[in-house]
Structures are given as structure tokens and as C-alpha cells.
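Engineer: If you read the sequences in order, they're chains A and B.
According to our numbering, the first sequence holds residues 11 to 147 in order.
According to our numbering, the second sequence holds residues 2 to 503 in order.
FYI, nobody ran anything at the bench for these hints, they're computed from the structure.
Careful: at least some of the hints might be erroneous.
[Said to hold, decoys possible] Mimicking DSSO-like on lysine-lysine, the simulated pairs with C-alpha atoms at most 27 Å apart in a straight line are:
#1 A:Lys-94 <-> B:Lys-134
#2 B:Lys-69 <-> A:Lys-94
#3 B:Lys-134 <-> A:Lys-99
#4 B:Lys-59 <-> A:Lys-54
#5 B:Lys-120 <-> B:Lys-69
Quantities reported herein were computed from a predicted structural model and do not represent experimental measurements.
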Amino acid sequence: MSLQAQLESYCTAFNDRNLDAVLSLFTEQALFEMPLLGQRLIGKGEIAAGFRRIFEVSQSATITLSATRESNQVAIAEGKMVAKLHRDKTPVELPLAMTLEGRGGEIARLSTYLDARPYRLWADGPIFAATNSAANQ
Amino acid sequence: MSTTYTAGTYTAGGALRAYCDAFERRAEADFADLFAEDAIFDLPLHDGRIIGRQGILKEIQVALNGLKNIRVILDHVIESGSQAFAEGMLHAEHIGIPPHVDGTPMRLDFKFVAIVEVKNGKVTRWSEYFDTKPLKPRERTHLYPISRRSPYWDGAVAAGVSEFMVYNHTYFPLIYHHSPSEEYTALTERVTLWDVGCERQTELRGPDAVKFAQYLTTRDLSKLKAGDCKYTLVCDPDGRIICDPVLLHPMKDVIWLSHGDADLTLWARGIALHGDFDVAVCEPDVAPLQIQGPKALEMLRDLVQAPLDELGFYKCTLTKVAGIDAVVSRTGWSGGLGYEVFPLSSSRAMELWNSLIAAGEPHGLMVTGPNVFRAVEKNVTDTAYHSNSDMNPYEAGHGRLVDLEKGDFIGRQALQQVAREGAKRKTVGLLIDGELPLLEWYWPITDRRGNPGEVRWAVHSFELKQNIAIAIADASLEVGDKVTIRHQAGSSEATVTSLPFV
């Protein structure tokens, strides 16, 4: 499977909230980087926990890629993610890029680039607001 | 990294490398030739994209003003026709965000993806993707219920506040998600909105309001008229500064002392209780906002009922702002054009805030805290400069604010003695060589005299492009003298200079 095809398979599985299908794409010791999770996840165990968390807190999350380019080592794509957390009243659209490195037909590294500011709780996110949606969940 | 190219004829990959190369060298001029006139520029830092070459160049200039020791490493570059996709890493040190307490630099390191499109040899689109969290290295302030919140709290939160200080027992939003360089540019070139609801008023109301203010403060108020403001001082009986309020006389028989971090209302109530004044003292429900910057007048003109163009420096007027009763004064803490809006009640505070945000949008309004970088450059200090120092007005450089001949006032006798004998200390500026750690307590300065003073404020000057400080020092120090600043990370050499810096 080409790197671009792997990336598209990942987006399909993610959008379907199909944890098993997502995990089947990664190598055992894959690296997954996603700012929303706050840290790098290494290995299928950590990656599974990360996706469970994403699917648990979100009502919906959809990645759409608008362009992908690949070399022998890596695929780089840009697009957007539209996510609605249970706590939020409306979905948030985040511009996004992803980089994928493969090994043996599986994902060895998937790095997601987006500004997680709308979801950050401890730095400058909306946790302070007395009237924010978090208070109404 | 280095690259060669022919000006104006970039491939996508060449443009990408040329940009990163110029960014690493902080070579502002090298960007001039890179972008098409109608180029678009997407950065996570902005809510919308920047369109047009001039705006992009300005954005890059501001970014470079806030960074040093930059390294850009491109790990993967995929070039495909008129496009290039790249993944890389930026390493830099912040300018304006002070280093850690031990002096180690405040670093900015993050991975990014950049996507570039070129047409006719020029960049027509530059899009970057990264998480902005590394740009704000300190976590937000821990909050405690005992401190009060400004009525604009929700507005400051929505604007991305991350750090507060406690000021007049109230949370004071100081740091937002923009870099110091961006905020400095907004203040000096556009307009900024500050939530200074913590800037409390001590209200003196009654037939003796002016008479009582005359006794409480150091300047002569005998010619004060409704609509006047005065920067003045409140001293204790030993002549030490308690605070340096802006006095407003918004209407007959009412004085507001708009004060810094001091329990001035308690002090004034205590004095009033035992004095022979027909006056009531309270802290009214008046939470000001500051609108500061060269476009402040343009922004406010249509929102304020009174003719703002006619409002002179240090004058105030009772009017309506966005239909809300308020006092507007031409005062502020920026050392430049600016206004303060004092709504007469906080019941419609967020309505006022939102109206100001909307009015400011066409003028590039940025919500920020007070800009200490500009304040130090302009020698606009506040109560925090005088606190914990036994400082009298002459030492603070405020001798012009003391009218010893006006009649009795608190501290007069002690200040007469200081005036007679001469102040033992004075306030000076320091131009500093090299880096400084985070200032959390006052740093001693040393020279051949021994220990002639202490640094009380220190910042990076974006205008002078070096670190500067304000110090209280022995009166014998002269402009041009060399001193050594002793701080927790070692020492720095400095030269005494006059104030303001710019």
C-alpha cells in the first residue's frame, strides 16, 4: 500500500471511529503525535489509549485531506479536522497537516500538526470561563 | 543552512529553503523579494489568513523581533511542480519572555509542516501548521477564590489570557497568547485593549471632596475644575510613597483616585473618619478599561458620544460609550495616545467590552495586558516601582508632583525636610550589556562606591534592541557611570543613562 493510501485508510478508519481498523494500520512500536493528546504516544498500547480518549470525549471528529504529496520516505498532507466535543455546543474546525512514515506496509510514524488552542485546558483554553460550554456539559 | 538563488525566480523548494535560510539569519530584507503582491500567508497564530505582501513582510518582521538564535531544520522536503511540502523543526530563544530564574534561556522548539506554492517565481501561498502551545512556555496562573475577578473576566478569557497577577486583591490579566513582540507592535503601531478592572477607584464624594483630596495628595488642586485629571502621589506621614494615582474630577463634588496596588480606600477612609471633612469615601463599582495605541482615537471616535477629538491630555468627560454611561479620560499607561473608559456600573461590562472589540476590529485591535516593555522605555512606572523601598517622591523622580506651598497635606513636613536637605537617592536608567534572568526580586548594583542601589524593573527594549532597567540608586551616580548588576545568574555590566529611554 502506498503511503498516500495508508494515510487515506487512516482517515477513513478515524472518521468511522473504528478503533480496531485504526490500530491495524500501525506497526507494533509506531510513533503517534497528536497535540490534542498532549504527548507522543509510542506503541499500539499507548496509541489505542489515545484514540479511545479521542473517541470518548468527542461526539464526532472528521479529517478531510485536500492535498497529499509523497516521497520514498514520507507522505505529507494538508486538510482540516472538524470536531465536536461532548462539552461543546458547536463543532470546531482546525486546519491540519499530517506526516506519515511507513514500514512494511504499516504506519511507523504519524505526526499530526494542528493548533490545539481551542482544546487546551491548562495554558490558555476556555477553562476559566464561568459561562463556557464546559460548565454546561 | 545556506542556499543560493536568483532573486525573483524561485522554485517551490527553492523558495522554501530561501525562507527558512533568511528566517534563521533574521535577514528581514531577504524576504522582500520572495512573495507575490497578492500572496497569502497562513499561520496558526492568526484567526484569519494574511493576504498581501506588505502584511506578510510585517508579520515576519514582528516574528523575528521576538526570536533570536534561530535554527530551522528541514527533515523532509517534497517538491512537486509549483508546490513544496516540508516537515521541519524550529529552534529558537524568545526575546521579551524573560529567561528562567536561573538564567537559562526561554526556548521555543517545535515541529512544523510548511506548504509553499509559487507562481511566476514568487510565493503565492505559504501555509504553516504547528501547535502554538510551545509559544507560551509558562502554564497559567493557579487561581484562588479569595482574589476578585474583573467584570471583563469572560472577555479576557476569550482573548486567551494565560497569566495573571493579583492587583488590588483582583486578578489582573497580564499575559495572553501573543508574543511580546506582537503585543509591542500592536501597542506602538495600532491599538490595544486592556482589562484593568483591577485598577480600583477611591471615590471621595461630598462638598469637601476636593479639599480632602488636597490633604490626601501631594499636588496643588486649588485650580482643579470638573473634567480635569492629574497624576499625583499619596504619601504617608514620613513622606514615603503609598501610591501614585491618576486623580479624576469627573463631576462636581466627586473625586476618583484611580490607583495602583495599594489599599488606598482603607487609608482614605481612616483619614476621613478622624478628619473634619464633609466627605464620603468608598470604592465604587467602576472598573476601567484602557484603550491605548496610535489608533485609539480612530477606534473610539464613533463609539463615544462626547467629541473625543476635543478631549485634551489629562482631561475627562462624563459621556456614553456604546450607549453605556461612562467617564472617558485621556490618560493611560502607555506613554502615548490612549484613553481610559470608566463605566459607571459593571452591570453592562461585557456589553461594553464586546462593543470595543467590534469597534477595534477594523483597526487591528489586540487584547493585551499593560505593556511593561513600552512602559519602561517611556519611564512610566507605577506603585509597584515604589513599593517596599521607603521611596519618597524626589527619589522616584517625581519632585514636580509635590507642591510644598499649597498648604497642609499628609507627608508635607517630612518632604519639606527632604527638599531642604536633598534626596539621598535618585531614579536612573540602565543600559545593560547581554542577557538577564527573570527578575523576581530587586537586584543590587555595585561599583567603586560599594552598593549604590538596586534594579527594580528590567525588560528587553524592542526599540533599542537591548535590555534596559530602572534603578533606585545613590544620588551621586551620573549618566555614563558603569555599574555591575548582581543577579541570580551571575552579573551583567550596565551604563547609567537618563530617563525616559526613548
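Engineer: If a hint holds in the structure, say so; if it doesn't, say that too.
Structural biologist: Comparing the hints with the structure gives:
no., hint, verdict
1, A:Lys-94 <-> B:Lys-134, "holds (21 Å)"
2, B:Lys-69 <-> A:Lys-94, "violated (38 Å)"
3, B:Lys-134 <-> A:Lys-99, "holds (24 Å)"
4, B:Lys-59 <-> A:Lys-54, "violated (45 Å)"
5, B:Lys-120 <-> B:Lys-69, "violated (31 Å)"
In the structure shown, a violation is registered for the earlier hints numbered 2, 4, 5, in ascending order.
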